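Engineer: Top line first, the protein sequences correspond to chains A and B.
Numbered by my numbering, the letters in the first sequence go through residues 1 to 558 in order.
Numbered by my numbering, the letters in the second sequence go through residues 1 to 186 in order.
If you're looking for bench data, these hints aren't it; they were derived computationally from the structure.
If you're wondering where the values come from, they're calculated on a predicted model, not measured in any experiment.
Any given hint might turn out to be false.
As the list claims (entries may be wrong) - In silico SDA-like pairs for lysine to any residue, Cα to Cα no more than 20 Å straight-line: (1) Lys201/A with Leu13/B; (2) Lys87/B with Val174/A; (3) Lys27/B with Arg173/B; (4) Lys37/B with Gly61/B; (5) Lys37/B with Gln180/A; (6) Lys201/A with Asp15/B; (7) Lys37/B with Ser175/A; (8) Lys91/B with Asn307/A; (9) Lys91/B with Met87/A; (10) Lys188/A with Gly182/B; (11) Lys91/B with Val174/A; (12) Lys97/B with Asp300/A; (13) Lys87/B with Leu176/A.
Said to hold, decoys possible - Example chain A residues on the side facing chain B (calculated, C-beta under 10 Å, incomplete): (14) Pro120; (15) Ile144; (16) Ala198.
All C-beta atoms in this analysis are idealised placements derived from N, C-alpha and C, irrespective of residue type, glycine included.
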Amino acid sequence: MRAVDAIMECLKAEGVEVVFGLPGGANLPTYDALVDSEIRHILVRHEAGGGHAAEGYAKATGKVGVAFGTSGPGATNLVTPIVDAMMDSVPVVFMTGQIRSDLLGTDGFQEADTIGITMPGVKHSFMVTDAEDIPRTIHEAFYIARSGRPGPVVVDIPVDVSRAEINYVPVTEVSLPGYQPNIDGNAKQIRQAAKALAAAKRPVLYVGGGVVLGDASEELRALVASDRFPVTSTLMGLGSFPSEGTQWLGMLGMHGTRTANYSMDQADLICAIGARFDDRITGKLDEFAPHAKFIHIDVDPAEISKNVPAHIPIVGDVKSILPHLTSEYRALGADSARLDDWLAQIASWKKEFPLTYNDTDDSEIRPQYMVEAVYEATGGNAIICSDVGQHQMWTAQYYHFPEPRRWINSGGLGTMGFGLPAAMGAKVGCPDQDVVLIAGDGSIQMNIQELAACSQEGIDVKVLIMNNGCLGMVRQWQELFWEQRYSHVDMGDFPDYVKLAEAYGATGIRLTDKSTLVDDIRAAIATPGPVVVDVRVTEEENVYPMISPGMPARDMVG
Amino acid sequence: MIADGSTSETLSLDDLHASVGVRSGRKHVLSILVENKPGVLTRVAGLFTRRGFNIDTLAVGPTDDDAISRITLTVDGALHPIDQVTKQLHKLVNVLKIRDLEPGDSLARELALFKVTVDGAQRAEVMQICDVFRGKVVDVSKESVIFEVTGTTEKITAFDEMLKPFGLVEMMRTGEIAIARGRDAT
């Protein structure tokens, strides 16, 4: 069998339905095999678009995304999605073509050291030198990408290797002696954690993207229901717990709610579940949660005590640990009345410090209102994607995510240009759901070429550009921390997004009136095919509240 | 606290202590078994670069199994929490086993070569120093001598200090290798 046909067999065996990519000289054999394969291929217009689309697909479906690229520039264009997938623990297999083995190291045409360039940003990578190794390598790549803490895996195959004939024998299991992710948490530690929760008078459950990645939302809700534990979530964890109700504190961190950050600041016990104490969460580390003891549940042992020392570390899969923790806690029969004062305090913070913004009576659209309008227009039922910047934070604050995998954004790396291709991938993975991208006018231009792929393939994404004519988050920081010396943040009135949408074969709409916004957005989402909506919003609006960089959480401003 | 009524069921948050993430303040010798595949040393070294860890010495060599190599590296535990270093190393798929060798339970040795320009009277003196350190003369020319010394890092550093006044041209050190004491394998 041709090695490339074996690749298709392996992808099929891994359940791959779709691949995002772009062909070139060094992956021509693989593309030839795609012709006769049942696997769908989406031709992207830039490899980065393909990489982010594979991420969006993976984030929306929970399956492993796949992106193809050729050697040299094809592979270097994939570097951003690879690192993005690493930072947000997204399971994606990146398959790159490489130049002929005999030319390796000679600076041959379109040669780049793909393995070397991507090494610091991958969970693992493989350079295949013997065609007979291809099937085993592909299965190992998928296994590593999806298991333990998920992440990106690169498989680089020289073109002469992929052109070879091999004796294909289906691989049924992989063996990686140096890779054994820990799944079950230590029973004694889980018991200890339950006791700590029972002893705590001011507990907070601090949940992160790990709960979404581990499909443990139900298990989390069961733990929360076992008592009246207050819950806060990171940007990446939104949706793992419904964004409403008395136990919901709102998102925490730099642009989180005061209630969430004050709760962390005053807590006597913080139970971190699939979260990693990122600097955007802790603010000034020395003054983070000064009264708290920490339970830390994570599948990656290296996250435990990396930033904040854990008192009760539990290494394993949240989906398997949380039910144990819940039943251990229930067995203790803790007196829920001990939480009365704490919940009263939280209720008073929520009352005193709700998320607010200054709206006016004119027709001007405030960006926060735009997100509220999207929430109303979608009934909270769409898959919402975003790019990176102010619009991302406002979406996190004002769209109340009811379920996991409904919120797709680039958290760790903060990649502008992530949104459109990710929305494309999400729609391909979830064709029956509305997929709405809330983009910034800065971010959208970084991968706008994928509108062509959406139009050509009939991928029905609805792009709502929160257009304030500038790089809003940078403008905000220049206003607040650089004495309003605005340096290169003005984007002007370019391009004309309505015309641009039409040029790409999509529907273009411009919205400027607040009074009809909800209906207009609803109508735009109901319009068949890809739609681009240029929503003109207030330019000088800031994301508040905010923990200023390097400051403790209790000193929030705005 | 209700539960089964036994006092062992209760826990006070004040009794909880975090013991990880501390800096040991001493040198650590990490003996790491890795798969003998291309690029593995780059992955290990790259990890140190990316995480901002310093490698003090590094020695790589074969083991009795062709498929496995051993990397011995030393890290300053005053600069980095050693558990974070080892946990990050464990995440590398090609890393099979890591042992943080305790100084009392292991033997560490380094090989060093010293080239000194000496003549006449001084030559006898440096030869004597070499004898004290149980070194060997491995090359002699009219104007220079090369010594070979093995021993702990401290011993080699001490020999280096002794030779400096005598016109030391250059020195080569291998970095430490180490082995666990007792009958079990490292």
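Engineer: Can you list which hints this structure breaks, lowest number first?
Structural biologist: 2 and 10
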